[in-house]
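Line by line, the protein sequences give chains A and B. The numbering of the first sequence is the working numbering, which starts it at 1 and goes up by one. The numbering of the second sequence is the working numbering, which starts it at 1001 and goes up by one.
Read the hints as simulated data drawn from the structure, not as lab findings. It cannot be assumed that every hint is accurate.
Straight line, CA to CA, 20 Å or less: simulated SDA-like cross-link-like pairs of lysine to any residue [what the hints assert, rightly or not]:
1. A:K698 to B:Q1045
2. A:K436 to B:Q1045
3. A:K727 to B:S1123
4. A:K698 to A:G720
Here are a few chain B residues that face chain A, going by a calculated C-beta distance under 8 Å [unchecked claim]:
5. N1016
6. P1020
7. T1022
8. A1128
Each residue gets a CB set at the ideal place from its N, CA and C atoms; glycine is no exception.
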Amino acid sequence: MTPDAYAALKKAGSSRRDFLRGAGVMIIGFSMAGKATKLAAQSPINPTGLVDATLVDSWLAIGADESITAYSGKCEFGQGFETVQYQLIAEELSAPMSNIKLIFCDTGFTPDQGVTSGSQSHLAEFGPGGLRQALDTARDALLQLASQQLDAPVGQLVVQNGVVYLQSDSTQWVTYGQLVQGTRFNLTLNPNAVPKNPSQYTILGTSVPRVDIPAKATGQFQYVQNVRVRGMLHGKVVRSPIWGAHVVSVDQSSVAGMPGNPQVVVNNDFVGVVADTEWHAIMAAAALNVTWSNADPLPSFSGLYDYMQQQASSDSYTVNSGDTAQMLQQAVQVVSAQYLHPYQMHGAIASSCAVADVQGGTGANATAKIWSATQGVYPLRDSVAVVLGIPNGNVRVTFVEGSGCYGCNGNDNVSFDAALLSQAVGAPVRVQYSRKDENTAGENYGPAHVNKLMAGVDKSGQIIVWTSEAWTLSKGGRPSATAPGNIITGALVGFPAPVPTPSAATAPKTFANNSNTACNYVTGVVGTNAPGGTGTIASQQVLVHSIPSPYFTGPLRSPERLQNTFANESFMDEIAAAVKADPVQFRLKHLKDQRLIAVLNAATMAANWDTRPSPKPGNASTGVVTGRGVSCVLYEGNNGYCALVAQVSVDQDAGTITVTSLTASQDSGPPSNPDGLKNQMEGGALQGMSRALFEEVKWNDRAGIITSTDWTSYPVFQWGMPIPQLKTVLLGPLNAPKLGAGECTITLVGSAIANAVFDATGVRMRRIPFTSANFLAAKGS
Amino acid sequence: MAAYSLTVNGNAVSLNVDDPNTPLLYLLQENLQLNGPKFGCGLGQCGCCTVLLDGQPIRSCITAISDSAGHAVTTIEGLGTTDNPHPIQQSFINQQAMHCGYCLSGPMLYGKAFIDQNPGATSDQILAALGQTPLLCRCHSHSRMLQALVNYAQGTI
């Protein structure tokens, strides 16, 4: 959140109507005004009630002073989408960016657009019912008003910088502010409102500098960690050292007399302390003596992947043509392999933090304000309301940016923690996790995976059958009113944590490849439906087993898609090697989607791809060797085309893998902000490298504890290590719909590196992370 | 309760603290309401809390107030403002060298301290200097940040 937006929100107080008045905005159409009085009596915090996203006035207010205030439900996580929304508003309204103020993600003030995740923000705001449609509806209404005012048909008007001119006489003009004085839009979003033609864009499609960066570069930016509320105390959680242990007793005398007047809060298995300063809270949390029960043993760390395949599971087919066994018999060559992916952390650089101010305890008259870096203010509101026993209309959740989160990490958990502590002590409480809290009992891990693949090839070297069987794990997830136990803290206070229920797979009805379980190369034909895939292989079976996870899991950047694509794109390389084909040519031979083919060609051309089969001829089996690997995907089966070439150098004696370059090509539709997209692709590529080379959650199963407690025991890519050369190539037809952008490159990095390592050494890395120990083990096997 | 005097971003301040082991970071955040130095790990492993102490980068999350007293502390907000950024800050802005920006105190202040002592430093030298102590960026904006530092070092921001 930018300082001016924050200032606007501070001004907003508890009522958006008051905020609009206070900001000098003429109320041209605040929605639900007629119902406000009634709702005010019901809802002390949120007298304006719900925000009706079908009304233009819920998205946009134009002041007499020409100020344009927009409201949206998609927030900023350091990915630049705040700036893109400013560009969109300025573009569709033909108004200067300096007149615009964007408020995002505040319950009761902004439209409920669910969660900001899954590379869906562009699709939501540029799609039906989103910000662009509200802007276009408003723009049409403004032009109608101007047409009356200037006594000329709309077709003879032009708009520049928020001023409507008569095309034939630029001395005849009227401003937006003049047009809307004292009036309301009073319009519903018009699905037929026509967006500006992209060929006329002057702001979208250009690399507008990010609006949040100057404040961040100078230390002025207020992150959620910097929210300070009058009378605020500091809280710390005290978690069980062993997963699944219960509180036996809490010795409150162990903190008696400590500085800062520490208060101990116990609610079922939730334990926390609150004190006047953060340091006093840290000292008290460390001193608090809690006796915990034993817990059920964990699956062993070393035996995890076997354990996963032995559990009863919830099964589903992505696709099943029914003829794969028969086709495998017809194949002249059958290739099979198994790929392993560990649990990984979001590992946000900031430990999660939230501030809560719960007043009045519990029940119909109690209220809560929560400042959180959650991905979904409304789901968090509705879920925490259940936990606190407060009507959701009395709970206001305001998004304040934290550090990059890369998915559903600890931000919802810590919001629950702060709210429970505040409710218990009757004062505002700020909670920021310690690094160990975050790593061991604060965040929802990305799940481990086992993927077993088998394919058959005919005598011409064409793949004629592809089968995949994958195992994944799940426990909890995003906040939800019906499942507060999705959140670790919700479970600690007694709500059940949902896990998959064993069930047999049924025949699929549609080709739903949202998790990229099916590879790029199958046709994706389900029943009599049209092919949903990007490839040509007709005989196909993709089966997924989901089992209960011992640890909480949640979406981690490119959830499941990264794990599945690591397996699928490594396996495609293995088949290419088995038939002695060039990895790019072999892919092209099995692809039919022209946009996927285009990014594959663009990336390989930019990387000067050396066309030949892998492994690279002439490389020695000792010493340092180099190689190249490729990978590509249509993200989520329909949401962003990407291809990546990795070049590596491998010290085969030490087992050290160094990535020397990563070249990515992406087609997410026309880029809204080309430099911003390149920045995302670069970060995704490097973060993917960190996840492939270093990252793995570890635990001691005998002691029952997570041992990845800090950055030494959960190593990641760090400053000082060689940074690969990063190259990005942007594709995207001008009139194509927007697609997802932020998770494409990261999806490909593990497989591209594994394929490059194979090219260099002939050693196949089938297990992430690619540590020297895992390389040497693979080399020896 | 003891009073500790130090200079923070050029201003003389006096902090009343009951525990001499209190890390400097919490006092900068709570007592002085500064946003630049941030808590990342509390272990000196990530660099989010970096400040300059008499011009040298230190980790304020593991530096006690008793060891900071009498010294001059500079945080990233002490370098420049949004209206008048320090050249190294302008270099980061020009390169759009961040995603979330939470880690910035680390690479910016370690980079500044090294480059100011080694004018004209090269990319490899700067990268090696930043690798002397554990320093992280989890959005993995390393490539642009390094370019921003190189441009600052070469005077080509």
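Any of the earlier hints contradicted here, and which numbers? Of the numbered hints, 4, 5 and 6 do not hold.
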